[in-house]
Amino acid sequence: MENNDTAKKEIVVGVAGQPNVGKSTLFNVLTGRRVHVANWPGVTVEKHEGIREYMGYRLRFIDLPGIYGFSATTIEEKIARRFILEEKPDVLLVLVDSINPERTMYLAIQALEMYTRVIIVFTKIDETHARGIHINYEALNRRLGVPVVAVSSATGQGINELLDKIVEVASSGGRRKPLRIDYGELEPFILSVEQVLEKNDSKIKYPIRWVSIRLLEGDRELEEYVRRMLGEKVLIDILKTREEIRRIFHRSPEELFAQKRFEYIEKLLRGVVVRVHVGITRRERITRYFYHPWLGPFLSIFTLIIVFLVAFSINTGFPLNVILADLGYPGLAEAVENYSLGGLIEAGFNALSNYLYSIMGESIISSLVINGIIGGVGAVAVFLPLIMMVAFFLAVLEDSGLSPRIAVSLHNWLTRIGVSGHAVFPMLLGFGCNVPAVMSTRAVPDPRERIRLIMTIPFIPCQARLVVILAFASALSGLSGALLILYGYVAAFIAFSLVNRSLYWIDKKRGRVSEPELLLELPPIHKPIPRVVWWHVWDSTKHFLKKAGTIIFLLSILIWFLTSYTPSLTYTGDPSQTIGAYLARLFAPFLYPIGLRGDQAWIIAFALIIGFVAKESVISALTITTGADTARDALRLLKLTDVQIASITVFMILYVPCMATLAVMLSETRSWKIVLASIGIMLSIAYVGMLFTYMIGLLL
Amino acid sequence: MQKPLLTLDTLPPGSNAKIVSISGSGGWVYRLYQMGLTPGTIVTVIVNYGAGPLVVRVRGVDISLGRGIARRIIVEPL
Chain R
0 MENNDTAKKE
10 IVVGVAGQPN
20 VGKSTLFNVL
30 TGRRVHVANW
40 PGVTVEKHEG
50 IREYMGYRLR
60 FIDLPGIYGF
70 SATTIEEKIA
80 RRFILEEKPD
90 VLLVLVDSIN
100 PERTMYLAIQ
110 ALEMYTRVII
120 VFTKIDETHA
130 RGIHINYEAL
140 NRRLGVPVVA
150 VSSATGQGIN
160 ELLDKIVEVA
170 SSGGRRKPLR
180 IDYGELEPFI
190 LSVEQVLEKN
200 DSKIKYPIRW
210 VSIRLLEGDR
220 ELEEYVRRML
230 GEKVLIDILK
240 TREEIRRIFH
250 RSPEELFAQK
260 RFEYIEKLLR
270 GVVVRVHVGI
280 TRRERITRYF
290 YHPWLGPFLS
300 IFTLIIVFLV
310 AFSINTGFPL
320 NVILADLGYP
330 GLAEAVENYS
340 LGGLIEAGFN
350 ALSNYLYSIM
360 GESIISSLVI
370 NGIIGGVGAV
380 AVFLPLIMMV
390 AFFLAVLEDS
400 GLSPRIAVSL
410 HNWLTRIGVS
420 GHAVFPMLLG
430 FGCNVPAVMS
440 TRAVPDPRER
450 IRLIMTIPFI
460 PCQARLVVIL
470 AFASALSGLS
480 GALLILYGYV
490 AAFIAFSLVN
500 RSLYWIDKKR
510 GRVSEPELLL
520 ELPPIHKPIP
530 RVVWWHVWDS
540 TKHFLKKAGT
550 IIFLLSILIW
560 FLTSYTPSLT
570 YTGDPSQTIG
580 AYLARLFAPF
590 LYPIGLRGDQ
600 AWIIAFALII
610 GFVAKESVIS
620 ALTITTGADT
630 ARDALRLLKL
640 TDVQIASITV
650 FMILYVPCMA
660 TLAVMLSETR
670 SWKIVLASIG
680 IMLSIAYVGM
690 LFTYMIGLLL
Chain E
0 MQKPLLTLDT
10 LPPGSNAKIV
20 SISGSGGWVY
30 RLYQMGLTPG
40 TIVTVIVNYG
50 AGPLVVRVRG
60 VDISLGRGIA
70 RRIIVEPL
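Keeping their order, the protein sequence lines are chains R and E.
For the first sequence, numbering that gives the first Met the number 0 begins at 0 and goes up steadily by one.
For the second sequence, numbering that gives the first Met the number 0 begins at 0 and goes up steadily by one.
Hints should not be assumed to be uniformly reliable.
Said to hold, decoys possible - For each label pair, taking beta carbons as the anchor points, the in silico distance ranges come out as:
#1 E:GLY26 to R:ILE304: 26 to 36 Å
#2 R:GLU514 to E:LEU77: 28 to 38 Å
#3 R:ARG281 to E:GLY49: 38 to 48 Å
Claimed, not checked - Which chain R residues stay away from chain E? Per the calculated CB distances, all over 12 Å, these:
#4 ILE61
#5 SER170
#6 LYS239
#7 TRP504
It should be emphasised that the hints constitute simulated quantities derived from the structure, not laboratory data.
Bear in mind that the values here come from a model prediction, so they are computed numbers and not experimental data.
For each residue, glycine too, the CB sits at the ideal point set by N, CA and C.
Sequences are here, hints too, so could you generate the full structure?
Laid out in structure tokens, this is it:
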């Protein structure tokens with residue numbers, strides 16, 4: 000009885016909107032961030048679902064992918080459309096950006112043409128007045144016959160009204176029929192298709208007029224549907240009508256329909272949206288510098304460098320400690336390093352280890368807990384603040400609207416390596432984590448460019464690798480450490496550029512490419528909303544903690560096991576007799592060219608093998624096998640020369656990113672060939688880079 | 000008298016023009032329509048340095064266009 004009751008009161012709410020209208024922000028406000036993330040069936044596009052209890056109802060919000068239209072030309076559009084037509088949500092929210100309703104209304108109009116239970120939600124209304132935009136929501140409500148609600152995710156204005164409307168529409172059922180736009184001279188053609196379809200009314204479960212219009216615009220998915228339901232002949236008749244439009248008007252039908260829709264929107268908004276000219280704001284004037292041919296790239300790169308330097312300094316003391324030491328303040332430098340966030344966490348884990356030793360004593364268990372788990376997880380957890388900090392800056396760049404401007408400014412330079420400005424955002428994300436970076440290449444419109452990017456993004460050192468770079472750099476003295484970090488990033492940059500350039504060249508030879516092109520919306524610059532920034536930070540922190548808690552935790556135990564037991568499964572204190580050592584010795588010869596021998600060779604080989612799964616564990620592998628507390632001590636114990644450390648660092652940066660990235664590369668390209676080719680390219684480039692570094696190092 | 004037709008990439012910053020047609024085909028053109036660059040639409044050129052991407056304002060939104068795409072948009076200067 001009770002169960003039945005709650006089931007009755009559930010309202011399913013789909014949330015749709017164009018990119019940049021503030022959809023995820025509103026979604027988070029509506030759901031209070033109690034969000035469940037899964038994938039849409041059969042694809043790797045994320046599906047966010049959130050629940051909110053309201054007035055005795057259970058509102059289940061489903062975030063649809065950001066799309067420009069419902070044409071089913073992209074995976075995202077297909078998902079959104081299928082959800083609306085097949086699952087028939089009780090309410091569909093379509094978001095319209097108050098700052099540019101003329102453009103973003105396009106999706107709402109298309110939604111109204113195919114669905115009745117719609118609420119139009121105007122977002123960002125807190126920003127309209129400053130921009131001299133006034134919108135008469137009442138009038139729009141009357142003209143469209145569906146509720147129009149104005150909200151602000153930043154101030155919370157309108158949220159309760161929206162929730163009320165959702166309940167109201169769910170019970171009343173919205174418009175009686177889908178919106179009917181007058182397509183003028185195209186009407187006779189729509190009518191003729193409608194007549195064909197109406198004969199088979201019972202077989203078509205979507206709104207007939209909408210299907211007719213979509214078929215005339217050209218819609219693969221619906222063509223397939225008609226063929227299946229009504230047969231080839233009916234479809235051919237319909238396609239003939241489509242060709243007739245092209246012949247009569249000498250223009251493509253999709254262009255004509257898009258134009259009509261925008262004309263309709265213009266008429267609809269006439270007198271509803273009033274713009275008072277307020278001139279260019281100062282903020283906007285500043286961002287114009289980003290478009291300047293040489294000032295723009297300079298500003299962009301300067302911004303990015305500052306971001307990374309600040310993040311590094313706060314977390315690890317680097318490079319501030321080096322600068323202070325060089326200026327003759329070694330005491331101050333040390334203090335900066337010790338009291339950096341990373342330094343404090345490290346001190347905490349050391350204290351914990353010592354305390355556990357004092358109460359547990361020397362045993363297999365204490366070895367597992369202290370050397371294995373705390374040693375492994377702790378060595379990685381030190382970098383948590385860094386991960387939060389970088390996530391913070393990336394979120395600020397994104398939410399402020401600065402990152403598309405950086406994309407525009409770097410477009411010209413990037414075309415030289417065969418990618419467009421669209422590559423900037425995936426590349427930036429790549430510095431955080433390669434996994435979302437590979438996924439974000441979906442926004443790159445050119446499919447070949449996208450493949451090339453997917454194959455090369457793994458060269459961008461993610462934070463996991465940054466963690467290892469910093470750990471290796473800490474084994475070098477002051478300035479050389481700083482140089483190593485710089486060198487590592489330069490090596491990654493060169494590998495990224497070279498491989499991109501070569502892949503572009505190959506594509507060009509095969510006649511598969513056009514010049515890299517840019518087509519990008521530039522949302523207005525605004526102050527980042529702290530809440531939104533925090534969400535981003537928390538998401539990546541959570542991701543990292545989960546990883547530290549699961550993969551790195553398990554790997555730490557595995558590494559401890561592999562380096563504590565002999566092949567005959569007896570416990571030993573001598574790592575060189577262990578299973579790990581035997582396995583790693585098979586690969587050790589690959590490291591002979593850089594002068595590694597014996598323990599050095601197999602321990603490094605072992606760490607690199609482990610790093611194949613997750614890069615952070617390179618450190619855990621080193622500390623656990625050597626029994627050292629930090630990577631710095633581990634490398635010192637191994638007595639590696641500076642040149643050897645540099646060579647290994649280069650290899651570590653460039654070879655295979657991690658299992659997770661490979662898995663995403665596979666799911667995004669659906670091609671083993673591409674993934675295997677990437678692995679091959681990465682391993683060879685990394686090896687060559689390592690040898691090259693070693694030779695250069697010996698010469699210097 | 001009708002003004003001569005030009006391509007969008009040749010217009011100086013600050014100028015307005017009406018889109019006449021978009022040449023070429025494929026995903027790009029479709030994306031342009033969806034972003035509101037349909038024939039008959041007025042565009043304002045915000046940024047054009049003669050090299051690199053342009054920034055234009057269409058239906059209240061700033062959009063950055065690569066030069067190759069801009070070259071395919073035929074406009075009538077206003």
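Verification of the supplied hints:
1. For the hinted restraint 26 to 36 Å between GLY26 of chain E and ILE304 of chain R, the CB-CB distance of approximately 35 Å keeps it satisfied.
2. Checked against the hint of 28 to 38 Å, the pair GLU514 of chain R and LEU77 of chain E passes, with Cβ atoms roughly 29 Å apart.
3. Judged by the Cβ atoms, the range 38 to 48 Å given for ARG281 of chain R and GLY49 of chain E is violated: they are separated by roughly 26 Å.
4. The claim that ILE61 of chain R lies off the interface holds: its Cβ sits roughly 23 Å from the closest Cβ of chain E, which is beyond the 12 Å cut-off.
5. Against the 12 Å criterion, SER170 of chain R stays outside the reach of chain E, whose nearest CB is about 34 Å from its own CB.
6. With a minimum CB-CB distance of about 20 Å to chain E, LYS239 of chain R clears the 12 Å threshold, and the non-interface call stands.
7. With a least beta-carbon separation of about 18 Å from chain E, TRP504 of chain R lies farther than 12 Å from that chain, consistent with its non-interface assignment.
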